[in-house]
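Student: Protein chains in written order, with our numbering: chain A, 11 to 320; chain B, 11 to 320.
Check before you lean on any hint, since a few could be wrong.
Pairs count within a copy or across copies, as identical chains cannot be separated in the list.
Pairs of lysine-lysine, DSS-like flavour, derived with a Cα cap of 30 Å [as the list claims (entries may be wrong)]:
id, residue 1, residue 2
1, LYS299, LYS158
2, LYS120, LYS159
3, LYS314, LYS158
4, LYS94, LYS290
5, LYS299, LYS159
6, LYS120, LYS265
7, LYS94, LYS159
8, LYS299, LYS314
9, LYS314, LYS265
10, LYS299, LYS120
11, LYS265, LYS159
12, LYS158, LYS120
13, LYS265, LYS290
14, LYS94, LYS299
15, LYS81, LYS120
16, LYS314, LYS81
17, LYS120, LYS314
Bear in mind the hints are in silico, worked out from the structure with no lab data behind them.
Protein chains: 2
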Amino acid sequence: MLPVLVVHGGAGHIPEERAERSTAGVCSAARAGYAVFQRGGSSMDAVVEAVTQLENNPSFNAGCGSVLNVKGEVEMDAIVMEGKTLASGAVCAVRNIANPVQLARLIMDKTSHACLTAEGANHFARLMGVPEVTQESLITEYSRMRWKKNLTPDANPVECQMGKMGTVGAVAVDSEGNVACATSTGGILNKMEGRVGDTPCIGCGGYADNQSGAVSTTGHGEAIMKVTLARHILFHMEQGQSAEAASDLGLAYMKSRVGGLGGVVTVDPQGNWAARFSSKQMSWAAVQKDTLHYGLYTGEHVTKSIAEPQ
Amino acid sequence: MLPVLVVHGGAGHIPEERAERSTAGVCSAARAGYAVFQRGGSSMDAVVEAVTQLENNPSFNAGCGSVLNVKGEVEMDAIVMEGKTLASGAVCAVRNIANPVQLARLIMDKTSHACLTAEGANHFARLMGVPEVTQESLITEYSRMRWKKNLTPDANPVECQMGKMGTVGAVAVDSEGNVACATSTGGILNKMEGRVGDTPCIGCGGYADNQSGAVSTTGHGEAIMKVTLARHILFHMEQGQSAEAASDLGLAYMKSRVGGLGGVVTVDPQGNWAARFSSKQMSWAAVQKDTLHYGLYTGEHVTKSIAEPQ
Chain A
11 MLPVLVVHGG AGHIPEERAE RSTAGVCSAA RAGYAVFQRG GSSMDAVVEA
61 VTQLENNPSF NAGCGSVLNV KGEVEMDAIV MEGKTLASGA VCAVRNIANP
111 VQLARLIMDK TSHACLTAEG ANHFARLMGV PEVTQESLIT EYSRMRWKKN
161 LTPDANPVEC QMGKMGTVGA VAVDSEGNVA CATSTGGILN KMEGRVGDTP
211 CIGCGGYADN QSGAVSTTGH GEAIMKVTLA RHILFHMEQG QSAEAASDLG
261 LAYMKSRVGG LGGVVTVDPQ GNWAARFSSK QMSWAAVQKD TLHYGLYTGE
311 HVTKSIAEPQ
Chain B
11 MLPVLVVHGG AGHIPEERAE RSTAGVCSAA RAGYAVFQRG GSSMDAVVEA
61 VTQLENNPSF NAGCGSVLNV KGEVEMDAIV MEGKTLASGA VCAVRNIANP
111 VQLARLIMDK TSHACLTAEG ANHFARLMGV PEVTQESLIT EYSRMRWKKN
161 LTPDANPVEC QMGKMGTVGA VAVDSEGNVA CATSTGGILN KMEGRVGDTP
211 CIGCGGYADN QSGAVSTTGH GEAIMKVTLA RHILFHMEQG QSAEAASDLG
261 LAYMKSRVGG LGGVVTVDPQ GNWAARFSSK QMSWAAVQKD TLHYGLYTGE
311 HVTKSIAEPQ
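Just chain A, with the same shape it has in the complex (with noise of 0.2 Å):
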């Protein structure tokens, strides 16, 4: 059953135009993840790779493609947390930065803190010899559409991001049965300036325990902090449920709680996995031994060989 890592392309409704793209995506970004354990890393470094590839993918609102704020910039969200030792790093509402993932893992790795914001993010970044990119390559035509169409007076930035496409992140557990989660955004349509959401919070966006599972969760932010989603679902895998059952649960109890509609990817340290969302789509992609598994729609669950050409 190990390894395995599973990954999600964010919650929501994906236009037609951009569905295809968005499952080669997170079936590329899944691939390339698990890949890292045939090299022999750990499930967080296959986590950090997959969402890497996704935030450089711009079809997906993280990294390059992210979702602009209300002035027009990109602000963005990342966390990692590995299950062996519950440390993890996180960063929020950072600017010019080409992978938010990877600096959130160095802020685990390099510091005692578990989390830096803004300006102290990126000087961080800057000792760390990460480069700063500019905002202008971090912005898409789409998404600069998106974002002049929200300054318009009737504009629902809240419905408009659930209408398109969410965060991106990834769970996986290596063949040491260490667990490990990451998630990275651009955050919500025409945000405010500093707005901080479900990602970068512990126990929101993800949460990785050797002794549960691990889960990355993509939807509305706000929604997802009121319930606590990825530690929800693990206190019910803690009490016996099944990966899919407890992801089930969490994902119903957002819905009835608060009204919120979303999506997580979850796995246990046995090997078990979930990719399930209450949202009307949700692009997610896993492999596990010689198998690629990926799937978009409600009940859609596709399976082919690693080995057959992408």
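We have chain A; now place chain B onto it with these hints.
Tutor: What follows is chain B alone, placed relative to chain A:
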């Protein structure tokens, strides 16, 4: 049993010469918060008032009196949460604001977001007409002395932080059974610029849910984050544990799992409450009916009528 309000002034080791003013400060804040009930205020009104008093008191590490970051500056974190709606508001790494807890509440009340950070939080404060204050007005001689001492090569900021005093916070339940929490901090001594600790992170620095109760935490932030301490305690209460037993279980788990010490104040919707800590000391006070309760050392629990002079 209702209403009740419980405050803490931080877990750690309070030097003997500062013990008296620490106890006086939490007692005064508890009285002020409780008086809000007598004027018809809600549990949210009460916890914000109590924490405002502690922020304004230079004896505590929040607002005026905050510890300094490595650059000698004050950057503050705060959160509020109400149990009826699970709504919350938070600020992280905010500067030049006298009462971060009030700004956190404005974010909850006036925006669709749950957290604003750094300059974005200050921008919102200006929109709301919240006055900016100088860095100097938030810095005490004591905090500057500690900052300088910790710049020496052999200093250990984590140890020194735990050796002094921490975060402030409050929980309350009003006569309608609505619970709320508020927590505010200057963070950890000589922290990196932009460091975000547990306080503004929902489920870590605080959590409130009318179906179980409310918790505000203090201690070593990175340890509290690893175990999402506030949410962890409320999961125990959901499973039938009392406020006191759940608090002890949460603190014991944090100690055994990640070696972290800290303290909490906890309340349930019926008005049962607890002030518990695994650190050497925690200054705390509670008011329920006509009685003021307070303590500082393990096992210390003084009661007196609130009619008695302060």
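Student: For LYS265 and LYS290, with the copy left unspecified, which applies at a CA distance of at most 30 Å: within, between, both, or neither?
Tutor: within (13 Å within a copy, 42 Å between copies)
Student: At most 30 Å between C-alpha atoms: does LYS158 with LYS120 qualify within a copy, between copies, both, or neither?
Tutor: Between. Shortest inter-copy distance 23 Å satisfies the 30 Å Cα cut-off; intra-copy 39 Å does not.
Student: Evaluate LYS265 and LYS159 at a C-alpha cut-off of 30 Å and name the case that applies: within, between, both or neither.
Tutor: Classified as within: same-chain Cα gap 28 Å, cross-chain 51 Å, threshold 30 Å.
Student: Within a copy, between copies, both or neither: which one fits LYS94 and LYS290 at a CA-CA cutoff of 30 Å?
Tutor: Close across copies (28 Å), not inside one copy (34 Å); limit 30 Å.
Student: State whether the alpha carbon distance between LYS94 and LYS299 is at most 30 Å within one copy, between copies, both, or neither.
Tutor: This pair counts as within: shortest intra-copy Cα distance 23 Å, inter-copy 46 Å.
Student: Evaluate LYS314 and LYS265 at a C-alpha cut-off of 30 Å and name the case that applies: within, between, both or neither.
Tutor: Result: close neither inside a copy nor across copies, 33 Å intra and 46 Å inter.
Student: I want to check one pair: LYS299 and LYS158. Are their C-alpha atoms no more than 30 Å apart within a copy, between two copies, both, or neither?
Tutor: neither (45 Å within a copy, 56 Å between copies)
Student: Which holds for LYS120 with LYS265 at a C-alpha limit of 30 Å: within a copy, between copies, both or neither?
Tutor: between (38 Å within a copy, 23 Å between copies)
Student: Are the CA atoms of LYS94 and LYS159 at most 30 Å apart within a copy, between copies, both, or neither?
Tutor: For LYS94 and LYS159, neither the intra-copy (45 Å) nor the inter-copy (35 Å) Cα distance is at most 30 Å.
Student: Please work out whether the CA atoms of LYS120 and LYS159 approach to 30 Å or closer within one copy, between two copies, in both situations, or in neither?
Tutor: Close across copies (23 Å), not inside one copy (41 Å); limit 30 Å.
Student: What label fits LYS120 with LYS314 when the C-alpha limit is 30 Å: within, between, both, or neither?
Tutor: Classified as neither; 39 Å inside a copy, 49 Å across copies.
Student: Checking an output row: LYS314 and LYS81, CA cutoff 30 Å. Within, between, both or neither?
Tutor: Cα proximity of LYS314 and LYS81: none, with 44 Å in one copy and 55 Å across.
In this structure, the earlier hints numbered 1, 3, 5, 7, 9, 10, 16, 17 are contradicted, and the remaining ones agree with it.
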